[in-house]
Amino acid sequence: MYAITGSEHLQLTSVPDPDPAPDEVVIKVVAAGVNRADVLQRTGHYPPPAGASEILGLEVSGHVESLGSQVAGWAVGDPVCALLSGGGYAEKVAVPAAQLLPVPAGVSVRDAAALPEVACTVMSNLFSTAHLEPGELLLIHGGSSGIGTHAIQVASAFGARVAVTARNPEKLARCAELGAELLIDYSYEDFVSALAPHGGADVILDVVGAKYLQRNLDVLAAGGRLVVIGMLGGRKAEIDLGRLLTKRATVMGTTLRSRPAHGPGSKAEVVASTLEGTWPLIADGAVHPVIDSVFPLADAGAALDHLTDGSAVGKILLEV
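Take 1 as the starting number for the sequence shown in UniProt numbering and just add one per residue.
Read the hints as simulated data drawn from the structure, not as lab findings. The structure presented is a predicted model; accordingly, all values stated were derived computationally and were not measured. Keep in mind that a hint or two might mislead.
Below, simulated EDC-like cross-link-like pairs (lysine to aspartate or glutamate); rule was C-alpha separation at most 20 Å, straight line [stated by the list, open to error]:
id	residue 1	residue 2
1	LYS28	GLU54
2	LYS28	GLU91
3	LYS211	ASP240
4	LYS211	ASP185
5	LYS247	GLU133
6	LYS28	ASP17
7	LYS28	ASP218
8	LYS211	GLU189
9	LYS236	ASP218
10	LYS28	GLU65
11	LYS28	GLU319
12	LYS211	ASP190
13	LYS247	ASP218
14	LYS28	ASP78
15	LYS211	GLU181
Could you put together the complete structure from these sequences and hints?
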């Protein structure tokens, strides 16, 4: 099969076909999602977990090509999408069967590649970790990102109020179309001041990290929960513990890729909860994949550059 290999200079090369372990399936890939983790891995800042493929790619869609000896409930030819630890930028990939999801009703096989990473990230962080409740105010930093555009839809469908930060009026307008109520242009607006009249945020989903830590604490409502899932603005910052205690606030950090395949807090648990909580919303039309652009697999480098330049709204896909 062919796959994207290399780091700075990505290229399409021939590599051995994967063989499924007893609990795995092999997917013939139709499309792969492009994520910021891929950008970090490409530059040597996010190595794959032990035992994972060195090939980039954390989510794919396609059809089941072969089954491991212990796999039940799936058949060759089934249209699926999957959460991966690596290996998605390829014609085929092996993945634990517990990380498979059926392609949702009303979504094409190609477009389903835009769902696993964002859907699992949003479900695990907003609900399993932050316990977002209907009527609460959720602040999403980077509302026009792949995660942001999905989180707006899911939180709105759940009955939460949604505030977003984004860079320009066009991106904010897209966020509004998806259900965001409070729109903050971070190029000139301060999100703390913007949310003060609304009592602050009950939950914050943050991809920025250190740069926003103090202001995130300032804007949290009493009993608020800050979930940090990225470090675009740095890894280290001081925290005012007095401010944290006074607000009875919680600061949490999570990742998805490094979770174990099985057991408590595993990828299998996250996938199961996403199938139960998000897939019905997609089937009902309340949530849909937001796709910015589609590149051929051979142009993976250009797709990553497009993600890095910050102009995309929603997900970028690679089509095989």
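Checked hints:
no.: 1; hint: LYS28 <-> GLU54; result: 18 Å, holds
no.: 2; hint: LYS28 <-> GLU91; result: 6 Å, holds
no.: 3; hint: LYS211 <-> ASP240; result: 14 Å, holds
no.: 4; hint: LYS211 <-> ASP185; result: 16 Å, holds
no.: 5; hint: LYS247 <-> GLU133; result: 18 Å, holds
no.: 6; hint: LYS28 <-> ASP17; result: 10 Å, holds
no.: 7; hint: LYS28 <-> ASP218; result: 48 Å, violated
no.: 8; hint: LYS211 <-> GLU189; result: 15 Å, holds
no.: 9; hint: LYS236 <-> ASP218; result: 18 Å, holds
no.: 10; hint: LYS28 <-> GLU65; result: 6 Å, holds
no.: 11; hint: LYS28 <-> GLU319; result: 12 Å, holds
no.: 12; hint: LYS211 <-> ASP190; result: 13 Å, holds
no.: 13; hint: LYS247 <-> ASP218; result: 9 Å, holds
no.: 14; hint: LYS28 <-> ASP78; result: 10 Å, holds
no.: 15; hint: LYS211 <-> GLU181; result: 24 Å, violated
The earlier numbered hints that this structure contradicts are 7, 15.
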